[in-house]
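> So you can see what is in the structure, the chains are spelled out below.
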Amino acid sequence: MKFKILAAAAAAMMAAAPALADLTVPALNYRTGPYAPSGIPYADGFSDYMTLLNERDGGVGGEKINVVECETGYNTEKGVECYEQTKGQGALLYIPQSTGITYQLIPKASADQIPIWSVAYGRTSAVNGEVFEWVFNMPVTYWDGASVAVKYAMEQEGGSLDGKKIALVYHNSAYGKEPIRTLEALAEKHNFELTLLPVDHPGQEQKSQWLQIRREKPDYVFMWGWGVMNSVAIQEAANIRYPMDHFIGVWWSGSEADVVPAGEGADGYKALTFHGVGTDFPALQEIKSQVIDAGKNAGDGSKFGEVGYNRGVFTAAVVAEAIKTAQEATGNAEITAADMRDALENLEISDARFEELGLGGFAPAIQTSCAVHSSPRLAAVQQWNAADKTWTVLTDYMEPDFEVVDPLIEEDSMAYAQEAGIEPRTCE
Amino acid sequence: MLYREAGDFKTSYAKDNQTFPIRFDRWGYFALLAVAFLVVPFVINDYWASAVLLPFLIYSIAALGLNILTGYCGQVSLGTGGFMAVGAYSCYKLMTAFPEVSIVIHVLLAGGITAGVGLLFGLPSLRIKGFYLAVATLAAQFFLVWLFNKVGWFYNYSASGQISSAPRSVLGFEVTGPTASAAAKYLICLSFVVVMAWLARNLTRGSYGRKWMAIRDMDIAAEIIGVNPLAAKLSAFAVSSFFVGVSGALFFSVYLGAVEVGEVFGIQKSFLVLFMIIIGGLGSILGSFAGAAFIVLLPVFLKNVLVGSFGWATDLAAHLEIMTLGGLIMMFLILEPHGLAQYWRTTKEKLRLWPFPH
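So the protein lines, in turn, are chains Z and R.
Quick note on my numbering: the first sequence kicks off at 1 and runs consecutively.
Quick note on my numbering: the second sequence kicks off at 1001 and runs consecutively.
What the hints contain is simulated information worked out from the structure, not anything from laboratory work.
It cannot be assumed that every hint is accurate.
[Claimed, not checked] Pulled a few chain R residues facing chain Z out of the computed Cβ check, cut under 7 Å:
no.	residue
1	Asp1046
2	Tyr1047
3	Ala1318
[Claimed, not checked] As a list, the in silico EDC-like pairs of lysine to aspartate or glutamate whose alpha-carbon atoms are at most 20 Å apart:
no.	chain 1	residue 1	chain 2	residue 2
4	Z	Lys207	Z	Glu236
5	Z	Lys165	Z	Glu216
6	R	Lys1150	Z	Glu84
7	Z	Lys151	Z	Asp219
8	Z	Lys87	Z	Glu69
9	R	Lys1093	Z	Glu419
10	Z	Lys189	Z	Glu419
11	R	Lys1150	R	Glu1174
12	R	Lys1150	Z	Glu55
13	Z	Lys87	R	Glu1005
14	Z	Lys87	Z	Asp112
15	Z	Lys217	Z	Asp245
16	Z	Lys389	Z	Asp245
17	Z	Lys324	Z	Glu84
18	R	Lys1150	Z	Asp245
[To be verified] Taking CB as the label site, the calculated pair distances span:
no.	chain 1	residue 1	chain 2	residue 2	range
19	Z	Gly62	R	His1319	31 to 41 Å
20	R	Glu1336	Z	Gly62	56 to 66 Å
21	R	Trp1146	Z	Gly62	54 to 64 Å
22	R	Val1195	Z	Gln367	51 to 61 Å
23	R	Phe1271	Z	Thr426	47 to 57 Å
24	Z	Asn239	R	His1319	29 to 39 Å
25	Z	Ala111	R	His1319	31 to 41 Å
Positions of the beta carbon are idealized from the N, C-alpha and C atoms, including for glycine.
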């Protein structure tokens, strides 16, 4: 009897009808597992900004935003399960928060006609909007990031990397392998030697990689890590006394959770970034007063102002802008996933608009188009100060070497189109 | 209570030796097959297929395979994840090299290739047993995952290292790829499960099964009475790896569609399948299914109840899932070390005798 009730309850809630009036944004977060230190601040930031919009403005266009959290643990199978469960609830777009899950969902979401926004992670060739109609890769891609890192290193070396050695410590997954092809092309162009050092999931065993670095003494070490791999790598680098200002991580390897565990040893560590640091922005202050102090925050409020948190805020702000664009384009407040896709393709957020949102100077202006699903493709370099426990942005936003990156994007997207049997559409 | 065995007698040895000698069981089995083949495809949706039924069916095949090796033949193996990877990658290479050939052939051939690899890694079993053999198969697990990560030929030199399955059709219905319908994917997996389970049942109750069980119970005595340990152990590895390879091929091509070997076929997969057969019952066909159902369905059920109905935070639910699964595993093993299959056997005996206690 009890079993029957349980079974009936299970069946009932699996078939439960969703609340259709809200704008549903699924959040494929991970608050558990080895990637939780990286995943929790982002998840908190995203949900808190959406809560702010709901509380302060009553949502977007009068419709409240319903963030449906689903725990993936950075695991592909759970990611697929979360996708299948939430897609029927009127999901407007998917932000998989994992390159592996993104690769997995690209064909599925394209078939189900729900856009995917890969927030500065894979699959980079999605920049080619003619092949990847439903996938977006704003505001910057891994290949752009690799190019910017090389450009910065070149500037530091006085304009030339001839004969220098650069090592890439990367997560041994699709995510970590993304920059390799670009770095190899750049190594040929600028005549530096590239060493590839993979680190297996979850990334706690890195002694052999860092012993090799200690032996070979590369001039620069780039890192494409995530979760505990970041903090372990920075600790290992400190142990072998590698000069931290020559250690540059990608934007996913540059958050407080990664540097704080190494303490003083992490002083001077650099990372790429595509948005501002700190809490000195009106919108963030409003989140503090109206959401966190009011007790409506998603997490425990301790991640406020961290790099990962700000990234969540950035993502949420752009999603809200896209929803607003879609509402203006269609003329009604209840938009569909297809409307969302059109909005993401015609997204324009100027510096003035960022100012209006209370995020003036937080990120460079965005302008996507049909053929180019990434904008503005700029990255800056930030540095960690262990004494003050703050990040400082060292440079202006830099452009990548489009001459190297764009042909690679074209090649990879065409290869995907052939493999998946996609006919590239034409953009006017 | 449910069993009415009056008048149910056998007139031939064949009928006496059948898998389901009791009429009620036989009819129940055919009814289950009828529902599974004729009713479920019409009511299934994407979520049920991808979160519940497909993983259950595919893991059942893997559990059957490992049960043959560990449950029937007594050779502990922690290489299941690696062998599933062999199945997946062989299927991928065959699919990309011979796109016109049916996916069913590719899956079976992938199973065959995995049988060969399993045979190779089973050679240490002739010299070592038990715990030490587990370590040797652990080496297989790590070696195979490393191999598929390192050697570009296996993933056709793709930049991301991922393999993905292109759309393929069986009898005009797409079964792989993103546009395959839930019903088609479900039916192809169900067909494979029925065939593999039939194969497993008949192998294990035939002379091969008896040889395997003799090796498991006391291998020296088995050798004395004439069971060739080389043939028995290696055939167990080969057959088991065939099952695991088919499971891995289906896992990649039908269920996930795109796979990264380090994440999907890691050591945790090997442990997962081992837990399935331990909880389900070693040396039992039904046990493989029961264990797979338990391990696949319980987390999904808990998540839907805790997050969906009660509205708890997702991380709390995820942590509770792990704790509950672990707690239930411990509870089952303390209360019934022979697994869920033994529970079923006891229940059935009681049902047959009801209202008499013995």
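> Looking back at the hints listed earlier, which ones does the structure fail to meet?
Numbers 6, 10, 11, 12, 13, 17 and 18 - these are the hints that the structure violates, sorted from lowest upward.
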